[in-house]
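Participant: Add chain B to chain A, keeping to what the hints say.
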Amino acid sequence: MSLLDAPLNEWHRIDRLEGPAEECRRLLDLGLTPGEEMAVVQSVPLGDPLVVVVRGMRLALRRREASWIQVQ
Amino acid sequence: MDIGSVKVAPPEAKSAPKKLPDHQTEPRALTVCLAGVPNAGKTALMNALTGGSFHTANYPGVTVTLSRGKSRAEFGPALTLVDLPGVHSPVAPSPEEELSCRVLEGRHPSIQPDAIIVVVDATQLERHLKFASFVARRGKPVVIALTMIDLLARTNQTVNARRLADALKVPVVPVDGRTSWGVAELIQTLRDTVKQPVASYSALRELPEEPVEAYRSIRDLLDTGGVVKQSKPLLAATDSRTARIDSLVLHRYLGFPIFFAILGGLFASIFWAAQPFMDLIDLGFTQASAGTLKVLPEGVLSRFVAEGIIGGVGSVAVFFPQIVILFFLMTLLEDSGYLARGAALVDKPLSHLGLHGRSFVPMLSGYACAIPAVLAARTIPQKRERLLTIWILPLMSCSARLPVYALLLAALLPGAAGKAGLALAAIYVASLLVGALTAGLISRFILGKRTSSMLAMEMPVYRKPLLKPTLRMTWSRSSAYLKKAAMPIIIISACLWMLSNFGLGARQPASLDGRSAPAIAQSELDHSFAAEIGQTIEPALKPMGIDWRVGVGLIAAFAAREVFVSTMAIVFHVADTEETQQQGLLESMRAATFEDSSEEGSPKKVFTTSSIIGLIIFFFFSLQCLSTVSVVRSETNSWRVAGLQLLFYTGLGYLLSSATVQGLRLFGVD
Chain A
1 MSLLDAPLNE
11 WHRIDRLEGP
21 AEECRRLLDL
31 GLTPGEEMAV
41 VQSVPLGDPL
51 VVVVRGMRLA
61 LRRREASWIQ
71 VQ
Chain B
1 MDIGSVKVAP
11 PEAKSAPKKL
21 PDHQTEPRAL
31 TVCLAGVPNA
41 GKTALMNALT
51 GGSFHTANYP
61 GVTVTLSRGK
71 SRAEFGPALT
81 LVDLPGVHSP
91 VAPSPEEELS
101 CRVLEGRHPS
111 IQPDAIIVVV
121 DATQLERHLK
131 FASFVARRGK
141 PVVIALTMID
151 LLARTNQTVN
161 ARRLADALKV
171 PVVPVDGRTS
181 WGVAELIQTL
191 RDTVKQPVAS
201 YSALRELPEE
211 PVEAYRSIRD
221 LLDTGGVVKQ
231 SKPLLAATDS
241 RTARIDSLVL
251 HRYLGFPIFF
261 AILGGLFASI
271 FWAAQPFMDL
281 IDLGFTQASA
291 GTLKVLPEGV
301 LSRFVAEGII
311 GGVGSVAVFF
321 PQIVILFFLM
331 TLLEDSGYLA
341 RGAALVDKPL
351 SHLGLHGRSF
361 VPMLSGYACA
371 IPAVLAARTI
381 PQKRERLLTI
391 WILPLMSCSA
401 RLPVYALLLA
411 ALLPGAAGKA
421 GLALAAIYVA
431 SLLVGALTAG
441 LISRFILGKR
451 TSSMLAMEMP
461 VYRKPLLKPT
471 LRMTWSRSSA
481 YLKKAAMPII
491 IISACLWMLS
501 NFGLGARQPA
511 SLDGRSAPAI
521 AQSELDHSFA
531 AEIGQTIEPA
541 LKPMGIDWRV
551 GVGLIAAFAA
561 REVFVSTMAI
571 VFHVADTEET
581 QQQGLLESMR
591 AATFEDSSEE
601 GSPKKVFTTS
611 SIIGLIIFFF
621 FSLQCLSTVS
631 VVRSETNSWR
641 VAGLQLLFYT
651 GLGYLLSSAT
661 VQGLRLFGVD
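Line by line, the protein sequences are chains A and B.
Letter 57 of the first sequence, counting from 1, is numbered 57 in this note's numbering, and no numbers are missing.
Letter 555 of the second sequence, counting from 1, is numbered 555 in this note's numbering, and no numbers are missing.
Extracted from the complex, chain A is given alone in its bound form:
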């Protein structure tokens, strides 16, 4: 499933990234690599972006970016 469907505060393992090649490569460089665990920990009042935690880092991802992340 996509990260967008992941319930709040639940840890999921990244399966793969499906999106524009360059942008996905940037996400990989940020440490969102397949096999790594991540969680959506916070939503903001307008619903976009989401705050996720990965590799001990908090990251704000737009919903568009989060939709590329397939998790198990």
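These are computed hints drawn from the structure, not numbers from a lab.
Heads up, the beta-carbon is just placed ideally off N, CA and C, and yes, glycines get one too.
Heads up, a few of these hints could be off.
Claimed, not checked - Per the computed footprint, the stretches of chain A lying under chain B, defined by three or more beta-carbons under 8 Å from a beta-carbon of chain B, are:
#, stretch
1, 20-29
2, 33-47
3, 51-60
Facilitator: Just chain B now, with coordinates in the frame of chain A:
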């Protein structure tokens, strides 16, 4: 043989012809670049290394500015330090990232580092080490500065710097840029490293480039080296304090009230807390100007110094307290970690307009002054979004417009202070809405489809800002502002003074004897170049419903908008008696009639409901601030952008103002 071939290697050969004599007598200053992922603590370290005395420099062919400075004297022979912009990823880089990568890969013509300090956040070792391996692969001597050590306790971690150095085969020095702890040791380690030949092997350099593999190898390296000790499982290793604050400031219902409360507090401080200081500076410049007139022999030169230089600089210097307070509070918000949250809150609406979440910081600063706002736009990662933000900044109702609006609203709504206050508030809100509209329209119809815009913004851990580094940062930003703005302001105000005081018929000393100072000033203005320009463009001013005297005010306002008020006082013959000035000016403005209107019988008034509204609209849009134009030019490195912006807004102001005046008159509003 080997040694010989090293000496003619390209980077050496390039610098050799120029610097050959220096090379043999004394060693030239080492050039050391600071590199790292954004938020690694680079700027704080740069501040500690240089004592805050670095300056931003535009390098030829680069549209990005870099900070460059000399290391503090206490650290021994001077090093040239260059703070490279933070790099998230060398793939599809922003202009800043591109520049850093070019320097690090040795592809930059004028910055050739001898060594590189990679700033690594100890709480996010894996990601930062991945970037460090990118740097190390280029073969330059590398030292790792390990920051954020104090934050490890919050996630129940410890990092062993010596083991890290052993695992990576690269020197690692723990530092805290905010307190300068470890900085002297960092420099010593750096000197030792540069002296030795680059090690033939470092584990850091051998890390794979492909991200998935790289991250796996880094974790293996850290695990086998026993670098990180964890008393809790990694999944729980997120800072709980940060999580708690985030759940409050990003709360569904409380998030925006908190955001607006912080913004409101910032606004209030800029306007109220700065007021006494502004009054003091105003008084100081008035005194200095009057003193100069007394001390220097009477003549054109003394008036030029007193009015053109001191007066001109004073009219802009009064805003300095606002700018210092703005920078101080912004630095506090940034260092605490809140700024990234604010950007996340407003990213959705702003990204619809083609802007970035971070655009809100420059937009907010724009309400104090467009110049620091343009400088603040540097924090926006994508060039397109940064340019669009800079483009709309002149619309934000800066505080130089305030005296102008105050005068015009008092003339429009006599005796109704309440209504005038409401109208002023409406103008402020409208400037935000019009700015948003402009951004949206330009983004959609002129810039076209976005290529790639990402947020993927790190939300740094909340930290209590320390006073000393905050003050140091405030000072370095404020002085950067002064350096950027001071020269253009002096030149522009001197030029405008000459335009308003010299002219073909300006000198009639005999006829001026025994007349009051305002009368002299008025008489000179009547015959000045500014008046000539005003009279020449009078036909163009007709649609706005104003005469050449107001036109002179509009021209003078290009030095700073509020100069309009003092120019009005001169052209409409108001005696300068402080308390009554505003009242006297209003009366003169109300009585002013067109000079050529007598032929039609009843004299036509200059300031009518429609022409005042027209003027307000003109000031709302027009980019009447040449200092802003000059800063936009240097920040975008483009005369085209700055010139287009000046023409666009001033033209728009003229058209809309004329259309409004003519429209109102069509409906019978005079």
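Participant: All the hints need checking, so say for each whether the structure fits it.
Facilitator: Hint by hint, here is what the structure shows:
no.	hint	in the structure
1	20-29	holds (count 8)
2	33-47	holds (count 12)
3	51-60	holds (count 8)
The structure shown violates none of the earlier numbered hints.
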